[in-house]
Amino acid sequence: MVVEVASTAWMLVAMALVQLMTPGLAFFYGGLVKETSVLTMMMQNYASMGAASIIWFAFGFSMCFGDSWGFIGSPWTYLGFRHLSVREALPGQVIPSELFAAYQGMFAIITPALMTGAFADRLRFKPYLIFMCLWLVLVYFPWCHLIWGGGWLAQWGVVDFAGGIVVHVTAGFSALASLSVIGHREIPEDEKHIHETPHNIPFVALGTALLWFGWFGFNGGSAVAANGVAIGAAVNSQIAASVALFLWLIIEWLRFGRPSLVGLCVGAIAGFATITPAAGYLQPWAAFVLGLIATVFCYACTELINRLGLDDALDVWGVHGMGGFIGAIMLGTLADGSECADEATAPKFCINPGTVTASLSQTGKQTAAVLMCAVYSVVVTLIILKGISLCMPLNPPSLHVDLHELAEHEKAYHSPTRAYLTDVLMAVQSSQSQSKGSQSADESSASESA
1 MVVEVASTAW MLVAMALVQL MTPGLAFFYG GLVKETSVLT MMMQNYASMG
51 AASIIWFAFG FSMCFGDSWG FIGSPWTYLG FRHLSVREAL PGQVIPSELF
101 AAYQGMFAII TPALMTGAFA DRLRFKPYLI FMCLWLVLVY FPWCHLIWGG
151 GWLAQWGVVD FAGGIVVHVT AGFSALASLS VIGHREIPED EKHIHETPHN
201 IPFVALGTAL LWFGWFGFNG GSAVAANGVA IGAAVNSQIA ASVALFLWLI
251 IEWLRFGRPS LVGLCVGAIA GFATITPAAG YLQPWAAFVL GLIATVFCYA
301 CTELINRLGL DDALDVWGVH GMGGFIGAIM LGTLADGSEC ADEATAPKFC
351 INPGTVTASL SQTGKQTAAV LMCAVYSVVV TLIILKGISL CMPLNPPSLH
401 VDLHELAEHE KAYHSPTRAY LTDVLMAVQS SQSQSKGSQS ADESSASESA
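Throughout the sequence shown, residue numbering follows full-length UniProt numbering, covering 1 to 450 in sequence.
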């Protein structure tokens, strides 16, 4: 296939934008946790950039986009990026095949990182690395192949423009499953406010900005060309995220009596997660509607999981999992109409003619796919974590003691913080108690001598 220079340039930028989203996620999650967990959260996110990239280069891309073995691609087709080129495109594409592989690798990096917000404070770094690698091979790669790599779901007609199913449903429902294995945080009643209060809201805002910026490459780049589909996907993403941001802000303002910057940021992410599977198939008005649906649906899901008592620390299931879930289903209802089915005769307003159109049949296929993905992700994640737990402990020694980060990583903040001041205060009180005990003993000895 002939390579287009403009599309190649755009996809190089899009690749960098998606790569930027993982550090953005690290800041977003890092700001939401307590101050003694921020470094653990960031380490788990940044580590994915190394481990996932190595696996993707070695055999991951081939398992996703190689010759189909039915449920998975052959690991030998593109082993070590062989048979890829910096000058020639794969069939049906207009960018160099090596660039396509590198771009898709950015999705493999951020997807397992999405789960880290669910089990904050409860997973050691070593078992996390093992879990992440196994999860990519057993969960992400199969679903990437089934939908994006020409697997049987793609042949059946299931579509996912930029990862509502492949990324958000797999990560969101796997995060939900992990909670039953990793368990709850052991938080004393007098410390709950520390764990439930974001320690650095500016970090959350910075992370949201980086994610927002990167999402134009995430969704716009999924057109894999510099064309009208990329434009439509980027515009739809902006609309849906903006609507969800503002409506989430209003809901929390009415509930709690003041506007919340954290709520505003979470709303934006919910809007992005929901528009992701449909971004390249909708008109702007439909993106607006999907932004409304995203807010109400995801907000309700976050409330539901809290009422059920599941300790999803940063609402990964409610925002990412259920956002991708409802977005992938609504795609079948909100996509362009039947007049856009034929690319040769489609009206000019069609965003992606000749691909997918709204119908009851398409909605049914999308629903079946997300349900299968959700169940598969839950079951396989449970098996992986149970298996790892038989070989090594998953949890830190004590979930209610703020020593987990100090034991595994450096200290995040070198200035005195609440946690370290508390330690100093306890040491002083202990010393005073010992002094008083010693003084009492001396007085008793003096009385006996008298």
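The set of hints was computed from the structure by calculation and includes no laboratory data. Check each hint, because a few of them may be wrong.
Label-pair restraints from in silico Cβ distances [claimed, not checked]: (1) Ala6 with Ala209: 47 to 57 Å; (2) His184 with Lys126: 15 to 25 Å; (3) Gly337 with Ser85: 36 to 46 Å; (4) Arg255 with Gly183: 26 to 36 Å; (5) Ala6 with Ser180: 47 to 57 Å; (6) Ser85 with Arg307: 27 to 37 Å.
Under the rule of at most 30 Å between Cα atoms (straight-line distance), these lysine-lysine pairs were calculated in the DSSO-like manner [said to hold, decoys possible]: (7) Lys126 with Lys386; (8) Lys126 with Lys348; (9) Lys365 with Lys348.
Fair warning: this is a prediction, and the values are worked out from it, not measured in the lab. Idealized CB from N, CA, C, for every residue including glycine.
### Message
Hints numbered earlier in the text: which of these fail when held up against the supplied structure?
### Response
1, 6, 8
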